[in-house]
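Note that the protein sequences, when read in sequence, are chains U, Z and C. Be aware that the first sequence starts at 0, since it is given in numbering that gives the first Met the number 0, and climbs by one per residue. Be aware that the second sequence starts at 0, since it is given in numbering that gives the first Met the number 0, and climbs by one per residue. Be aware that the third sequence starts at 0, since it is given in numbering that gives the first Met the number 0, and climbs by one per residue.
Source of the hints: derived by calculation from the structure; they are not laboratory data. In this text, a Cβ means the ideal position worked out from N, Cα and C, and glycines have one as well. Each hint should be verified, as a subset may be incorrect.
[Unchecked claim] Not everything, but these chain Z residues come out facing chain C in the computed CB check (under 10 angstroms):
# : residue
1 : 224
2 : 313
3 : 319
[Unchecked claim] With a cut-off of at most 25 angstroms between alpha-carbon atoms, the simulated DMTMM-like pairs for lysine to aspartate or glutamate come out as follows:
#  : chain 1 : residue 1 : chain 2 : residue 2
4  : C       : 84        : U       : 117
5  : C       : 84        : U       : 185
6  : Z       : 67        : U       : 268
7  : C       : 84        : U       : 206
8  : U       : 130       : C       : 41
9  : Z       : 306       : C       : 127
10 : Z       : 29        : C       : 127
11 : C       : 84        : U       : 189
12 : C       : 84        : U       : 238
13 : U       : 267       : Z       : 80
[Unchecked claim] Covered stretches of chain C, going by a simulated chain U footprint (3 or more residues, C-beta under 8 angstroms):
#  : segment
14 : 70-84
15 : 162-175
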Amino acid sequence: MPRSILNTAVLTSVLALTIGSQAVAQTYFRGSDGDPETLDQHKTSTVVEANLLRDMFEGLVVYDASANVVPGVAADWEVSLDGLSYTFNLRDDAKWSNGDPVVAGDFVYSLQRIMNPETGAKYANILYPIKNALAINSGEAEPETLGVVALDDHTLQVNLEQPTPFFLELLTHQTGLPVHPGTVEEFGADFVQPQNHVSNGAYTLEEFSLGDKIVLNKNPEFHSADSVSIETVEFLPFEDRATCVRRWEAGEVHSCSDLPAEDINRLKEDYGDNVRIAPYLGTYYYSVNTTREPFDDPRVRQAMSMVIDREFLAEEIFTGTMVPAESFVPPGIGNYVEDSPRFDWADMSMLDREDAAIALMEEAGYGPDTPLTVEISYNTSENHRNAATAIADMWSILGIETTYNVRDASAHYAMLRDEKDFDVARAGWIGDYSDPQNFLFLVESDNDGFNYPAYQNPEYDALMDKAAAETDLDARAEILAEAERMFLADTPQIPLLYYSSRSMVSDDLHGWEDNIQNVHATRFLSIAE
Amino acid sequence: MTDMTEVSAGMVPEVKSRSLWQTALIRLRKNVAAMLSIFVLGFLGLCGIFGPMIAPHDYAEVYPAYVKVPASISAYPRADDVIPEAQSALRRARLDLELVEMNGEVLTVIGTSERGVDERVTRYLDRSDLFTNARVVEVSDDGNRIEMQADVDRLYFLFGTDANGRDLFSRVLISLRVSLGIGLLAAGVALVIGVLYGATAGFLGGRTDNMMMRVVDVLYSLPFIFFVILLVVFFGRNVVLMFIAVGCVEWLDMARIVRGQTLSLRRREFVQAAEALGVGSGAILKRHIIPNTLGTVIIYMTLLIPKVILLESFLSFLGLGVQEPLTSLGVLISEGAKNMQNAPDMLIFPALTLTILLFALNFLGDGLRDALDPKDR
Amino acid sequence: MLSYAIRRLLGAIPTLFFIITAAFFMMRLAPGGPFDQERALEATVMANLNATFGLDEPLWKQYVIYLGNLVRGDMGPSFVYRDLKVHQILAIGLPVSIKLGGMALALAMLVGSALGSIAALRQNSAVDYGVIAVATFGITIPNFVVAPVLLLVFALYFDIFPAGGLNGWQSYVLPVIALSLPQIAVVARLIRGAMIEALRSDHVRTARAYGLPTRMIVIKHALRAACLPAISYMGPAAAALLTGSIVVEQIFGIPGIGRYFVQGALNRDYTLVMGTVIVVALFVVIFNLIVDLLYALLDPRVRYD
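Given only the sequences and the hints, what does the whole structure look like? Please build it.
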């Protein structure tokens with residue numbers, strides 16, 4: 000293909016431009032979704048940061064190229080019978096990039112730091128299952144009381160509040176990555192600056208230029224440095240997905256971490272397998288305000304959900320980059336039942352669904368003579384507007400007249416959390432760890448920040464509590480499935496689509512395996528010469 | 000001075016002479032580009048006002064079967080698409096299709112099902128945008144075989160359709176109405192505030208003038224885009240309020256221009272004469288100053304309207320433009336820009352419309368300037 | 000003239016104070032806060048964040064604290080980019096924006112006045128109409144359309160320039176063109192109008208009568224007078240150009256400060272927005288001053304003593 004020859008030529012010239020006379024061609028130009036808000040693993044919250052931090056640091060456990068949980072700094076571990084205590088044996092050869100050994104005390108320091116309210120950690124709650132974590136983060140206990148103990152330099156014990164079968168999964172999140180205590184003590188918040196930075200992963204921080212690039216170099220002290228092929232990674236932030244795609248087409252980047260939905264068909268046609276669309280652990284949904292008439296009536300919510308042709312949304316509005324949803328918890332999630340719950344009517348034809356929905360609405364007192372007006376609130380971005388337009392058209396069958404209310408993201412989410420001044424509102428959730436609890440907990444009654452629909456169902460809460468106390472994974476999965484069935488019957492949120500991850504990957508980049516977590520640590524990748 | 004006639008109209012018998020406006024009109028008539036612009040603007044204005052009423056499709060009507068189809072002067076569906084579309088529409092009906100064929104404008108389908116056929120299946124055809132009037136011709140006695148017919152619905156999409164399958168031609172028409180509307184609205188608000196403020200400052204002069212212009216200077220340094228974005232955050236729901244607000248920000252230039260004009264008018268004999276005769280300040284402003292600044296003001300209006308329309312398109316680029324189901328040229332263009340490689344029609348037609356509109360406004364502005372400013376040309 | 004400049008700059012202090020105050024309170028009145036994003040935050044976490052950034056204090060107190068820090072030259076930490084102080088963020092982006100904007104400004108002035116002069120000299124000829132048409136075209140197409148088209152043509156189809164980023168001089172070409180196109184258009188129109196008038200003025204007619212060559216008349220006499228409206232237009236325009244453009248930065252992937260304006264406002268990154276507002280306001284003040292001083296240089300009738 001002449002195009003690829005052209006690409007290579009351009010690529011080499013770009014390489015020559017960026018790294019000057021150095022003859023090394025092993026720089027991976029990696030497009031990412033934007034700038035990281037922080038490189039401090041305790042303040043982090045975004046996917047961009049996760050990718051960067053996973054390259055620079057190694058936690059107790061890590062994701063391999065296919066997103067399986069595998070040993071990281073911990074060589075192995077034991078779990079106590081009651082599921083409340085994890086003992087990790089750390090590998091002897093783990094080192095920081097300044098040569099210091101990685102010891103159990105580093106993890107104690109790190110986990111205490113993230114729970115310290117003064118750190119202002121955005122994702123501290125991920126690690127609340129650790130004993131005393133919530134109390135510390137709320138300022139009610141001292142950081143030293145955290146249930147994390149260094150038994151010796153190479154043995155770390157973590158005690159939990161209650162059995163948490165997905166605890167190892169939690170540790171793969173970037174919040175579980177260690178900091179180098181000496182550097183943090185010396186430089187404070189500035190430990191993230193390249194000149195001060197000490198890391199224990201496959202790469203070290205070389206340069207951070209906001210809006211321009213972040214350069215990582217291979218860490219020679221890394222225990223598996225021999226297996227790391229790529230010498231240098233440049234993370235390039237792209238606010239505009241189309242910009243990344245153009246640079247990919249020009250051969251200036253090896254991969255893009257997101258693609259513009261409206262351009263997918265062309266890209267697939269032109270580049271075939273370079274376009275990677277893989278299932279992702281996320282759901283796109285509409286929250287329904289359950290405190291407001293008539294949306295407090297489950298029949299109305301159910302009817303509104305039934306008439307939505309999700310295939311049209313997925314195929315036409317999102318051009319095949321999303322998957323029609325049949326449940327709230329996305330498929331492929333860990334720790335769940337084989338035959339996970341679906342809408343009762345998932346197999347019904349659109350016509351039958353429409354008839355059933357019209358009947359439900361009539362029962363609830365709405366029909367052609369008593370039309371219902373619904374306002375869809377959504378935030379300004381992506382395809383939300385087109386999706387809302389299409390859904391409004393589908394709802395017209397129920398005699399629903401739709402109005403729209405667009406806000407910018409901050410105003411939208413503040414409104415969802417606090418004033419709840421909406422009928423139906425768009426939202427989305429990407430799982431932080433592969434466990435159904437991470438989706439179903441959203442609508443627990445007391446989950447203030449997340450329960451957009453203000454769903455109050457004591458039975459549901461009781462099920463979630465029961466699941467939390469259950470140590471047997473299969474039994475727990477059954478309880479969670481029961482909770483999801485209750486969720487689907489009640490429909491406090493209308494699940495619409497499952498997210499897919501979408502990437503462009505150059506032929507030269509090897510080792511990129513599509514996986515549900517969409518993690519692609521650079522240490523597992525290589526570039527063809 | 001032509002103005003003199005106006006001023007002394009009450010005391011001196013009127014002198015028959017061409018007014019400033021008459022001469023301007025004559026000059027304007029000679030300007031081909033400006034006259035053409037007036038026609039184009041009139042045409043676009045009529046399109047905006049009446050277009051949506053007579054458009055072939057409602058601008059909000061969604062045709063799920065026709066997402067992003069290219070512009071065409073011949074009707075959809077294409078002959079090759081009818082049969083596959085019928086098959087796919089009936090896929091959900093769970094029928095074994097024995098026959099799907101077209102005779103002229105009529106589609107005939109024969110389907111069987113071992114579990115018996117449901118007569119409601121015609122709805123699948125009706126639901127598709129391609130067919131209307133689907134009817135059951137015959138159901139076999141055992142109820143397992145159905146023959147139905149449907150008419151093919153011919154639809155025209157002159158400019159193609161958008162990402163939701165809405166007719167772009169109708170959307171361009173409504174967007175013309177919206178874009179012109181917000182342009183006029185914001186420019187009108189700016190005009191009223193700017194003229195009043197500028198004329199007052201210029202007329203009163205001295206310290207008041209200094210103070211008032213100082214305020215304008217301060218407001219000038221307020222970063223405009225920041226201001227507008229906040230306005231959108233506050234008034235995002237209401238397009239009218241939002242562009243009234245934009246007008247409230249855009250009046251600064253107008254105030255400066257009008258003030259300058261007023262200052263020079265003040266020194267003119269006819270104003271001094273009126274003052275000497277004891278005419279009140281308000282009356283002088285209303286009767287003499289403001290009418291004489293109108294020329295400049297109109298020229299400025301023709302430049303301000305494009306500015307507001309472009310500002311709205313910038314907001315659309317940020318995703319903050321006019322809301323559904325309404326649309327504006329800016330919204331259409333920013334959506335089109337995202338689709339320029341896969342559905343170029345979505346960009347070309349709205350962009351062309353905007354270009355023509357702004358061209359006409361600019362040439363009209365130039366023409367007016369030449370016509371009203373006798374020094375030039 | 001120097002004392003005039005100093006007086007003007009001192010006079011700008013209350014203006015800046017007003018702008019800072021207005022921007023501060025307007026920003027805070029906007030619904031939502033810096034931590035309301037797609038990813039909802041847990042209630043305890045939110046409380047900690049608010050405490051960390053002092054958002055739990057009453058608004059007036061936050062204002063006083065902010066002003067106090069500002070007087071000491073501290074614009075505070077960014078709410079979103081938490082590893083950086085606002086002044087660091089501006090220090091990274093501003094030079095890039097100034098460089099790019101400066102080139103666009105120079106290009107706009109050069110090409111704009113050349114086109115405008117040519118059109119004025121051949122008034123009502125085909126050349127004139129051509130220039131006007133092209134100039135008008137430059138104003139009517141939004142730059143978020145022009146920029147991707149430039150990239151598709153010159154970076155992907157012809158493969159002459161890189162498709163984004165800032166590496167080497169080649170990567171400046173397209174963004175500078177995209178930035179300057181609308182300005183070229185405006186300048187050309189302004190210069191043309193003013194030049195036509197200047198060519199009719201007495202001193203140019205005198206010069207012609209003396210038989211001076213046209214080129215000299217145009218450059219020495221007419222252009223000098225014709226520049227004035229363009230310069231007064233370019234004052235605020237230059238301030239806007241040099242402080243970056245979100246459209247061009249986003250589409251070309253350029254690390255300037257233009258985008259912080261919009262993103263900062265949309266993310267409710269209070270301190271970052273305040274920082275950019277201050278920078279822009281300063282630029283406006285400075286360029287207005289420069290315009291006035293240039294006027295004095297070019298137009299002998301204007302004096303500041």
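So, going through the hints one by one against the coordinates:
| no. | hint | verdict |
| --- | --- | --- |
| 1 | 224 | holds, 6 angstroms |
| 2 | 313 | holds, 7 angstroms |
| 3 | 319 | holds, 9 angstroms |
| 4 | 84(C) / 117(U) | holds, 18 angstroms |
| 5 | 84(C) / 185(U) | holds, 19 angstroms |
| 6 | 67(Z) / 268(U) | holds, 16 angstroms |
| 7 | 84(C) / 206(U) | holds, 17 angstroms |
| 8 | 130(U) / 41(C) | holds, 18 angstroms |
| 9 | 306(Z) / 127(C) | holds, 24 angstroms |
| 10 | 29(Z) / 127(C) | holds, 18 angstroms |
| 11 | 84(C) / 189(U) | holds, 11 angstroms |
| 12 | 84(C) / 238(U) | holds, 21 angstroms |
| 13 | 267(U) / 80(Z) | holds, 22 angstroms |
| 14 | 70-84 | holds (count 5) |
| 15 | 162-175 | holds (count 6) |
Hint check: no violations occur; every hint is consistent with the structure.
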